[in-house]
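**Student:** The chain contents come next:
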Amino acid sequence: MDALKELQASVQQEAETRERIAEYTRQLETEFRVVAVSLNRIHTATTDAARDYITKLSALIPPAKFYRYNSIWSRVVQQGVFAAALITYLNSKTLLQPDQVQEFMGAPVHMSNAPVQEFHITVEEYLHGIFSLPAELARLAVNSVTRQTYQRPLEISTFVTELFASFQLLNLKNDSLRKHFDGIKYEVKKIEEIVYNISVRGLTQS
Amino acid sequence: MANDPAATAVPSTLFPQLRDLLDTHYDRRERVIRHSRDITQQSKKLIFHLLRYNPQATDGNAKLFAEADQKHAQLQQCFDKLRLELNASNRYRYGQTATSGIQEYIEALALWKFLQMGVLVSLAEVEARLNGANSHAPLHITSEDYLLGLSDVTGELMRHCINSLARGNRNEAEKICDFMRAFYNEFALFSRRAHPQLSKKLIVMEQSLAKVENACYRLRLQVSEFPDNTRMPALDFDTAPAVSTDT
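Protein sequence lines correspond, in order, to chains A and B. Be aware that the first sequence starts at 1, since it is given in my numbering, and climbs by one per residue. Be aware that the second sequence starts at 207, since it is given in my numbering, and climbs by one per residue.
To be clear, the hints were calculated from the coordinates, so they are not data collected in a lab. Since the model is a prediction, treat every value here as computed from it, not as a measurement. Incorrect hints may appear among the rest.
Within a straight-line C-alpha distance of at most 25 Å, the following computed DSS-like cross-link-like pairs (lysine-lysine) qualify [as the list claims (entries may be wrong)]:
#1 B:Lys-287 - A:Lys-65
#2 A:Lys-189 - A:Lys-173
#3 A:Lys-173 - B:Lys-277
Same shape as in the complex, but just chain B:
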């Protein structure tokens, strides 16, 4: 019954082969992580840059958007590298690894589009912008990436809204508030079963929206006390310095 000592139960070539397969896979995943991290960092820089947007700028923020275009060109280079790793079925094999970078990028684009046009960026637009000239083998964005990326933009819009209030720009603040409310209403309709992370994002979104709504409410109360609007009172936000249109 004893095993023939000469015959091995495990062929000697099998595990070296498996090791090579796994190594290649791990290396690729490592590269995807690196590209995703680069994209996250540059997208964050782009977002901070966009938040310097001033609704009252005389040049319509042309310089700001021109600089944003430069930053975006760098992002496209990162996506060129990522696209090579995520070809065919690898799109989903490494999709979870790449998603945080992609989401951050969508967040930046959404903020950009809102500042420029006051509307929501579409999935097709995101794909067109990140792929740029590379239309032959485009990197596709999943609905999950898109939705989760968009949901983060409310945080930035909230920041932008409070900034606008601090600058005494009531119109911009109310525009943001309306946009966020409409966005939230649409967003809440998505099935949370499809993407379990959505419910978490929805809670954060709710909090951002509440902050913005409260800020607009207080602003309205204060405006009602100064109907001639000759003097914009300071708001009692910690972040808001007393800015007023001096008479």
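Next comes chain A alone, as it looks inside the complex:
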């Protein structure tokens, strides 16, 4: 009977372990749900609610007077494009394309200099939005190192380097786009330093 007693103890222990696992799983589920909700919020906020307001705006504005009022919402739209660009990068590690913008914002990018026929996102707004990407990705690279995901800064570096090279194809005049662009090189440098720091410590070969 001693053998059974031993077994009882171990069964009891196993049950307790199961219970503990179940408990942790529940907590993890809660945590994941929070993560999922906040991720969802990124998606829905830029699609549904924002699109509603874009629709309301476009109903208010006759196309011929688009540029009369454009400056009022321009900054917000730039932020929206930026959020869409960040989501796109996190999903697919690619740059948000102008033709993908409609899906997020409910209005297309006006890829022409022809007179406006409908409410749209201007090329400048699109560019401002994606010009904000390197700064956020630099921040993500810093925090990735803190969380010990050393591969991510390398990916970010590849992406931002390519992006920056593409930006340099533009002939920017001395305006707000130019100012925004001029700030990007510091973000590129920051990301390069992060890559250097984790490389010299041998953290990239994991």
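Got chain A; can you put chain B on it based on the hints?
**Tutor:** Then chain B, alone, in the frame of chain A:
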């Protein structure tokens, strides 16, 4: 997890396309700036020309206005070029770039109209004059352009008023003073929230009006000392030479 090196995150055709779009836009803006500057310069010349107006001219300044018409024809040519750039939605896209020239032109027209008729030029008249024969696709003037352009005319009227006083023309000076006061009263009613630049212009206008009112006040005092008006005394303005109707 690493990126597939063959796949690029940024399509190679995108940024050249964006560059071309921006270049076209910048080129157009550059042209609008040039036209606007041309219009400003020619409007200034027109204003200086109009300020040579003499209220006592025997021919009613017919020659002066005829020359002004010639200068105006040149201005219309500039507007023909500007009109092409500001079609449809581009009117507002480049409107801020063009506004300084348009405002200067409105200022010139307002001065002209006042000298000729003694009244304020209307928005419809401004549009009719600058578009001339081009009525099929007229360039529209915004209320902002119109108001800001008009507000500058008080400075010119002040100059004209002091000139008139210097020439000893009291009636013209008082006519200007009355006109400016009425104009200022109307102008102050506009919401400054709609056009933030208005408040700045209003301050300048106030100063011009004060100068004119003071000048008329001094004139009245001096006239009261010489009620027979046989001798017009010299005014103590630096700019005013002692002009008098000799007896």
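**Student:** Now, for every hint given, state plainly whether the structure supports it.
**Tutor:** Here is how each hint holds up against the structure:
| no. | hint | in the structure |
| --- | --- | --- |
| 1 | B:Lys-287 - A:Lys-65 | holds (21 Å) |
| 2 | A:Lys-189 - A:Lys-173 | holds (23 Å) |
| 3 | A:Lys-173 - B:Lys-277 | violated (34 Å) |
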